[in-house]
Amino acid sequence: MSAEVTKVGIISCSGEAIPEGTVSRLATRRVLELQRPDVTVTLCLPLFLAGNEGERNFARTHPTITVDGCSKQCAKWGTEKHSDPVSSALVVSEILGNAGAACHRSCRETSETDLEAVWAVAERIAAEVDAVLATDAPRDAAAETSKGQCACSSPIPGGTVTIRDTNVTIPGLTLIFAQCAERGIPAEGGDGAALIDAVRIYHAIGPEDEAEYRAALIEAYRKFRSGMSGGE
Amino acid sequence: MTNDFREKTVLVIPCSGIGKVHGLIGREATYQVTEELAPQQTETMCLALLVKGDTDAVTAVQTHSCITIDGCAKACAQKNVEMAGGQVAKAIQVAEAFRNFRGAKPGSATSLTEDGWNITRHIAGAVACEASRVAASGEAIR
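Which chain is which? The protein sequence lines are H and B, in order. Residues in the first sequence are numbered from 1 upward in steps of one, following my numbering. Residues in the second sequence are numbered from 1 upward in steps of one, following my numbering.
Just to be clear, a hint being listed does not mean it is correct.
Beta-carbon label-pair distances, calculated as ranges [to be verified]:
1. B:G103 - H:E116: 33 to 43 Å
2. H:E109 - B:A73: 29 to 39 Å
3. H:E182 - B:Q40: 18 to 28 Å
4. B:S108 - H:E109: 29 to 39 Å
5. H:A193 - B:T55: 24 to 34 Å
The calculated lysine to aspartate or glutamate pairs, modelled on EDC-like cross-linking and capped at a C-alpha distance of 16 Å, are [what the hints assert, rightly or not]:
6. B:K79 - H:E55
7. B:K90 - B:D54
8. B:K20 - B:E96
9. B:K20 - H:E33
10. H:K81 - H:E55
11. H:K81 - H:E53
12. H:K223 - H:E188
13. B:K105 - B:D115
14. H:K81 - B:D54
None of these hints come from the bench; they were simulated from the model. All of these numbers come straight from a predicted model, not from anything done at the bench. From the three backbone atoms N, C-alpha and C, an ideal C-beta is built for every residue, glycine too.
All chains, please: the whole structure from these sequences, using the hints.
What follows is the structure, given as structure tokens:
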């Protein structure tokens, strides 16, 4: 992918234990979805440890801004340990001061204070995105992802099956089949009900198409289990 | 509520995945358990602390039973706890819970619909039951 499409990565801490963690998460999403959707991407922080090498390369392929809830700066530390130095590191508690403590952890309790905190932090993130884009050299964006999406959801390979003479892509079909295999669902002799149930979690299947999907998935799963390239 | 897990018996740790509604459901289910359903038996902690390798966080998962709630099959919460030497008493995947809510429209990565809250309550109930079982069995603190 060309350097012109380089996007800024924003990595939020998870911050489950403190309100500022929820603010960090929501402000990051706000920038991704509303404020700078065309020039930003994200990645779940825990994927740096649990993910593969491609995911750990995230900060090498994107100028990255970390958004941490507190001064422990787990997102900055984790990103730099497992990937590359970040371009900018924001801390919600420093941006909001004491106002952060008045926010809530759960979205059920969202108040005007929470919303204002999210807006304030999002504005700051967006300003940092603009600054990074203005100064940071283009990078190899081989791991580029589409706008407003978590990078962890984009690289999952989809599988294609044919339904009513139309090719239909099912996101993550390989992973779904791998889980089915782990659960001991046989490649031969089944009625496809377990496959339909598993795929339906991630992909809408209308009642009128169920029979077509059932047959297509049985065949794709059979090929998957036999090590062929079907379903990919 | 700031990683105050020393006095609790079971740690509930969600992935807080930022890309999909599944991560938010796991996060909110965690709050329902730790704040309402089983506040005396459970507490949560920042998964990011484990990613960082924070000594207190690593010690906590090594000395308490953990219930992880992951949004997707990448199972980041479960894997990070296990890589830190922790014992996962129960690993829950939000996507699996969707089996019981076919056709549900749960919301987005930032807000939940009523369907989303129903799924959240369903998961929270399961986690609270498991936490009670673990606490009663004496497995909680090692």
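Check your understanding: Is it true that B:S108 and H:E109 lie within 29 to 39 Å of each other by Cβ?
Key -> 18 Å, violated
Review point. For the pair supplied as a hint, B:K105 and B:D115, is the alpha-carbon distance within the 16 Å limit?
Key: 6 Å, holds
Check your understanding: Between B:K20 and B:E96, is the straight-line Cα distance small enough, at 16 Å or below?
Key -> Roughly 14 Å separates the two Cα atoms, so the pair holds.
Check your understanding: So the hint says 33 to 43 Å: do the beta-carbon atoms of B:G103 and H:E116 match that?
Key -> Holds, at about 36 Å.
Check your understanding: Given the proposed pairing of B:K90 with B:D54, does the C-alpha separation stay at or below 16 Å?
Key -> 23 Å, violated
**Study point:** Restraint check for B:K79 with H:E55, where alpha carbons must lie at most 16 Å apart
**Key:** With a Cα-Cα distance of about 15 Å, the restraint between B:K79 and H:E55 holds, given a limit of 16 Å.
**Study point:** Supplied distance hint 18 to 28 Å, evaluated on CB atoms of H:E182 and B:Q40
**Key:** 36 Å, violated
Point to revise | Given hint H:E188 paired with H:K223 - CA-CA distance at most 16 Å | key: 10 Å, holds
Practice item. For the pair supplied as a hint, B:K20 and H:E33, confirm whether the alpha-carbon distance does not exceed 16 Å. Key: 12 Å, holds
Practice item. Note whether the CB distance of H:A193 and B:T55 lies within 24 to 34 Å or breaks it. Key: 48 Å, violated
Exercise for review: With a cut-off of 16 Å on the C-alpha distance, tell me whether H:K81 and H:E53 pass.
Suggested key: 13 Å, holds
Exercise for review: For H:E109 and B:A73, compare the CB-CB distance with the range 29 to 39 Å and indicate the outcome.
Suggested key: 30 Å, holds
Going down the numbered hints, you'll see the structure goes against 3, 4, 5 and 7, while the others check out.
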